[in-house]
Structure formats: C-alpha cells, structure tokens
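Chain E: place on chain Z using the hints.
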Amino acid sequence: MEFSALNITCGYGKKAVIKDFSLKLGASEVICLLGPNGVGKTTVFKTLMGFLRPLKGTVILNGYELREIKPVKRARLLAYVPQRESSVFSFTVQDVVLMGRSAYFGFFQRPSKADRDLALSVLERLGLSGLKDRSFSSLSGGERQLVLIARALCQEPEFLLLDEPTSSLDFHNQLRVLSLIKELAGNGLGILMTTHMPDHVFMCGTSAAILGKDGFCAIGPLSEVMTVEKLSRAYGIEIKIFTLNGNGSFKVCRAKMDSLAYVAKKDGLYDQS
Amino acid sequence: MVSERFKNLKAYPVFSLALFGSLGLIILFLFSMGHGAYHLDLSRVLGITLNKLLGNPTFPQDINAEVVLFKLRLPRIILAILVGGALASAGAAYQCLFRNPMVAPDILGVSSGAGVGASLAIMWGLSSIAIELFAFAGGLIAVLLVMGVTRSLGPNRSLVTMILVGVVVSSLFAAFGSLIKYLSASTDNLANLVLWLMGSFAHAGDISGVGVLFFCSVLGVGTLVISGWSLNTLSFGEEEALAMGVDVFRLRILVIFASTLLTASSVALCGLIGWVGLIVPHLVRFLVGPNFTVLLPLSYLIGALFTLCADILVRLLLPGEMPVGIVTSIIGAPLFIYILWRSHSAWH
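Residue numbers (our numbering), protein chains in the order written: chain Z, 42 to 314; chain E, 13 to 360.
Isolated chain Z, as found in the complex (with noise of 0.2 Å):
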C-alpha cells in the first residue's frame, strides 16, 4: 500500500499555487506538512484528496490514479478529517460517526445493524462513548476533532489525511490528538496532517515536508529537513531548535521575539536600525 504523489503542480483555474511536489507515504508512516500561512498547503491537500485536480502530475493511490477510483472504493482507503468549527444541522454524535460507513452501506442503502455496532466501537475505542447521543455543534472543539477523527475511521483506511489536527485545541487536547495519530500510525495507518507548530512534528512525525513562500520546498526524514536552516528560510524568522533532557528527550523549536526584526534587517528592510 502506498499513496503518493508524483511532481503534481496544483491550484485553482490555471493560477499554480505550488509547483512540482512529490510525497511519498507508505504504511504506519506519519509525515507532517510545515508551512507559514497562505504557501499552499490547504491547496496541496485538497489536491490530495482528488477535491481538485493537479495542473500537472499525478496522484497515485495503491497503484491507480486517484481520480480515476470511484468514490466509494476511495473512501475505502483514503479518508479526510477537515478542520470544522460546527455543522448546519446538530446531527447527534453516533449519526456523525456512522457517517463514515456510507462508503460501505451504499447509496440507496442505510446503516446495518454491523455498521452502527462499529461506528460504536470506535466511539468507544477513543473513549467517546460518552458523547453518543450528545449533538455534534454542542461539543467543544478537542471533541469534534476526536469526533471527525472516529468518523474517518469507521471508514477503515488505509490511509488518513488531516487538516490542522491541533489548530485549535488546548494544550491537553492538543497531546490527545498527537497521541492518538502516533498510535493509529503504530497500527498501520499511513497519515498525513498539516501543522502549524514544528514542535508537533518532532512529537509524532516520521518525516516532514516543508513548503515556504518563493517555491522553497523540502521533504525527507526529520533529520534532513527539520533543521534550522530549512524551518528559518521557511518562516522568515530566525528559529532555533533545542534538545531538552528529562525523562527521555524531545526536541522543540524556539524563536525570541528579536528574531523578526533580525531577518528582516538581512533582506535590508530596516537600513537605518
């Protein structure tokens, strides 16, 4: 099983918005999406996700082109957790879930009692039991992200795709939800997510991709490409990477507050300070 993409050029209309990307994701692989706002990445995502066709380039999902899958067979092994504030219509927790079987029940076909047992099953598994008959817009947002999570499970993929997982939780949910991936990666889930906190990549990430602005692009195993030359030219702004010593170590990315001011004196913005 392997989902990838080869050189795809992606965009709207005609405009490109990133050029010549390639990805590679295998099996129990989570590689992680880096980026400052505006480069690309809900673009390269949504391509991805066969939401928009690339400019150029394919994407290729266990061996055939990704748009050339009927939905149903893709949803089978590609599924899509899209960050969500809250839904037109409060649909309870476990009709959300059972959502992500419709790829099994069919189109003129309903919920079977076997689908409705395993969409509980995974409520249960993320410790959401709880939440079942609870309407979907009345959660806070670390449950609808676990939520979305259970309903793209119930589609049992191969594959998972997310979009800023952590965006806008808590620091405990922010650590539920990077824990989770990396144990749904441990059991064989390739994943790919987008974030905006290069810390997270250290946490959970098996390798990363960097897009900046100017087409700068790196991908490769975390020792390659999350450096601080590659995170600095990226972001525009000088960042350091520190290598903390407890129980275990873990690295994080730091930047101070100068730092802005800094590389914008290189690009010879500010002569005169």
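Be careful, since some hints might not be right.
[Unchecked claim] If you want a taste of the chain Z side facing chain E, the calculated C-beta under 10 Å gives, among others:
(1) Lys87
(2) Phe92
(3) Val113
(4) Arg117
(5) Tyr121
(6) Arg125
(7) Ser128
(8) Phe130
(9) Ser131
(10) Asp136
(11) Gln150
(12) Pro152
(13) Ala155
(14) Leu189
[Said to hold, decoys possible] A few chain Z positions that, by computed beta-carbon distances, are all more than 12 Å from chain E:
(15) Leu64
(16) Thr99
(17) Lys114
(18) Leu225
(19) Thr284
[Unchecked claim] Which chain Z residues stay away from chain E? Per the calculated CB distances, all over 10 Å, these:
(20) Gly104
(21) Glu106
(22) Tyr145
(23) Phe146
(24) His237
(25) Gly253
(26) Glu279
(27) Gly287
Calculated from the structure, these hints are not laboratory results.
All residues carry an ideal CB built from backbone N, CA and C; glycine is no exception.
Below, chain E without anything else, positioned relative to chain Z:
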C-alpha cells in the same frame, strides 16, 4: 400520572410525532369529509363509505351525499394531502441539499418558476400533462439559476447569499408571471389564471390531475427516500461527503430532480401555496432532529396535516372559495416567527 406519560412520550419524539400526526390526519380527514355546504354527520359519512366499499344493497342509497363525498370532497382532501406532503418534502430536501435551513421551494424561486411555466401552458390552452411539464421546466430553470448565480459569487458565501439570490430570481419570475397575466387580459383565461396562482384546492374535480400529482409524488418522494442517508453526509459539505464515498454529483441531480418535480406538480395543479415548504421541515427538525431518513416522512405527514387544516379553515371561515394560499401565509408567517423564537440561534 398524565404528566408522567407525557414525559415518556417526550422521550420518543419520533414515535410521538408520527402517532399524533397520523391521528390528527385521520380526524381532520373525517371532519373534512363531513363538513361543508352540504353537511353530513360522521355516522352518515362512515355509513355511506362502508356501503360504497362493501356494496351492501340493503343500505338506503343516497345519491346526493355520494356525489358530494366521492366526487367533490374526497378528491379535494386527497389533493390537499398530496400537495402539503409534496411541498414539505421538497422543502426538507432543498434545505438538506443546500445546507441551509432557510431555503424552501418558494424562497428559491422554484414555485414562481413553475408558476410561470404553468401560466404559459394555461395561456396557450395546452393539456394538463403539458402544464405539468412546463411547470417542471420553469421550476428547474429557477433552481439552476439560483445555484449558478450563488456559486458564481464565490465559494465562502454566508447562508443569506442564497436566500437573497432566491428572492431576486423569485421576483424576476413573478414579473414574468405578471406579464403573462397582462398579455392574457383580453382573453377569458385571466380570471382562472389569477385565482389559480393564489393557490386553491378547488379544482380537484379534475381527477386525472390528482392522478398525475400522485404519480409525481411517488416518484419524487421515492427518490428522496432512497437517497436519504447520503443526503445526511451532504450537511458537512460537498468535499466531506465526497471523502466519505458519496457520489455527490449523482446525489445532487437526483435530489434536484425529485424536489423540483414535487414542487412543480403541486404548483401546476394548485398554484402558489406558500410557507409549507419552509416551516414544516423547520418544525419537524426542531422536534426530531436533522436525520433526513426520519425528517422526510415526518415532514410529509405534518405538511399534509398543515394544508388539510388550511383547507378546512378556508371552508369554515368564509363562504365561497377563498384561495388556500392566503390562509397558509397568514398561519405560516407568525408560526415561523414562533419557531425561530423557540429554536433561538441554534439551527436544528
């Protein structure tokens, strides 16, 4: 004791609504059969009906009563039920499809589009099948126009945008409707056209029309029933529905076809009967939640109840034939404001 039972019923809103809705419909049906200029007691209504069904020769024949019951009242009641159910189902489907609790056949301009189509056919004196087809074409043009304009305005528009576009398209078609009325002012058709456009169940005597509406209802509601679960996924947006494996393109075509057919076939027969498609799905969703597989049948039931109620009021309040569209609007507007109060800002 009684209040405890009531609480139990509250715990099963779907069952309660189905039960009380059906009971209400049966009671109103019987009441409507007996009431009118030619009054008949319930026992006589039942007696004559049984006699007709069983063909009991010993029961004294009552030709006048039979004609009133089976040639006048029954078709009219069936028409009211079919139209209310069709409009409410179409409203529920449009709301689900466009992820917008504020849209309805009349707000999207489908009703006025269908009205213009039907008016053209009536002006030209075409057959009833042609009136249906013209109405369907008019409704389809209106809904596609609203979708196209809304889409061309950009992807991240608020819920209000589609409603505004609907208002614009609706008034455009209303203007065409007036033009047709103006053009046919010199002919005998004008009075017919004007009365029909205000919405009425009075032309039920044309039994073939009721048959056509029944056929369209089965086709339309059937299509909506079988695509019910897929429609739920659409409330999370097209992309998410697609990611969940739903063939969004096919779903949209089916739902637009079905809801427009339901609206147009009602309009072609009974003119513009407003508000049913907006408030009934709202009310039902408020009571039982947004799951379309439950929302659709209950909207049909409550929609039928609503128009049957309105038709009874028409016959009770004023002598002669007041258009039922006036009554649905007079009940509908304040009822809708009440629902908005109760549901606060949360859309159910």
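Comparing the hints with the structure gives:
1. For the restraint placing Z/Lys87 at the interface with chain E, the shortest Cβ-Cβ distance is roughly 7 Å, inside the 10 Å limit, so the hint holds.
2. The restraint placing Z/Phe92 at the interface with chain E holds, with a minimum CB-CB distance near 5 Å, inside the 10 Å limit.
3. At a threshold of 10 Å, the smallest CB-CB gap from Z/Val113 to chain E is about 5 Å, leaving the interface hint in force.
4. Because the closest C-beta pair between Z/Arg117 and chain E is about 7 Å apart, less than 10 Å, the hint holds.
5. At a threshold of 10 Å, the smallest CB-CB gap from Z/Tyr121 to chain E is about 4 Å, leaving the interface hint in force.
6. Contact between Z/Arg125 and chain E, as hinted, is supported at the beta carbon level, the nearest pair being about 8 Å apart and thus within 10 Å.
7. Satisfaction of the interface hint for Z/Ser128 is found here, the shortest Cβ-Cβ separation to chain E being roughly 6 Å, below the 10 Å cut-off.
8. At about 4 Å, the closest approach between the beta carbon of Z/Phe130 and any beta carbon in chain E falls short of 10 Å, and the interface hint on this residue holds.
9. A distance limit of 10 Å between C-beta atoms decides the matter here; for Z/Ser131 the minimum to chain E is near 6 Å, and the interface restraint holds.
10. Evaluation of the Z/Asp136 hint against chain E yields a held restraint, the C-beta minimum of about 6 Å falling below 10 Å.
11. Given the 10 Å rule on beta carbons, the hint for Z/Gln150 holds: about 7 Å separates it from the nearest Cβ of chain E.
12. For Z/Pro152, the interface hint holds, the least distance from its beta-carbon to any beta-carbon of chain E being 7 Å, beneath 10 Å.
13. A cut of 10 Å between beta carbons decides the hint on Z/Ala155: the least distance to chain E is about 15 Å, and the hint is violated.
14. Hint status for Z/Leu189: holds, given a least beta-carbon distance of 9 Å to chain E, under 10 Å.
15. At roughly 18 Å, the least C-beta separation between Z/Leu64 and chain E is larger than 12 Å, which holds for a residue marked as non-interface.
16. The beta carbon of Z/Thr99 sits about 19 Å from the closest Cβ of chain E, which is more than 12 Å, so the claim that it is off the interface holds.
17. Once the 12 Å rule is applied to beta carbons, Z/Lys114 is inconsistent with being away from chain E; the minimum gap is 8 Å.
18. Its beta-carbon lying about 17 Å from the closest one in chain E, Z/Leu225 satisfies the requirement of being farther than 12 Å from that chain.
19. Taking the minimum C-beta to C-beta distance to chain E, about 38 Å, the non-interface status of Z/Thr284 holds against the 12 Å cut.
20. No beta-carbon of chain E comes within 10 Å of the beta-carbon of Z/Gly104; the shortest separation is about 19 Å.
21. Non-interface call for Z/Glu106 relative to chain E: holds, since the shortest CB-CB distance, roughly 17 Å, exceeds 10 Å.
22. Interface exclusion of Z/Tyr145 from chain E breaks down, the closest Cβ pair being 8 Å apart, not more than 10 Å.
23. Not every CB of chain E lies more than 10 Å from the CB of Z/Phe146, the least distance being 7 Å, so the non-interface label is violated.
24. Under the 10 Å C-beta cut-off, the non-interface status given to Z/His237 relative to chain E holds; the minimum distance is some 21 Å.
25. No Cβ of chain E approaches the Cβ of Z/Gly253 within 10 Å, the least distance being about 26 Å, so the stated non-interface status holds.
26. The beta carbon of Z/Glu279 is kept farther than 10 Å from every beta carbon of chain E, the shortest such distance being approximately 35 Å.
27. Residue-level check passed: Z/Gly287 sits 40 Å from the nearest beta carbon of chain E, beyond 10 Å.
The structure fails hints 13, 17, 22 and 23 (numbered hints given earlier, in ascending order).
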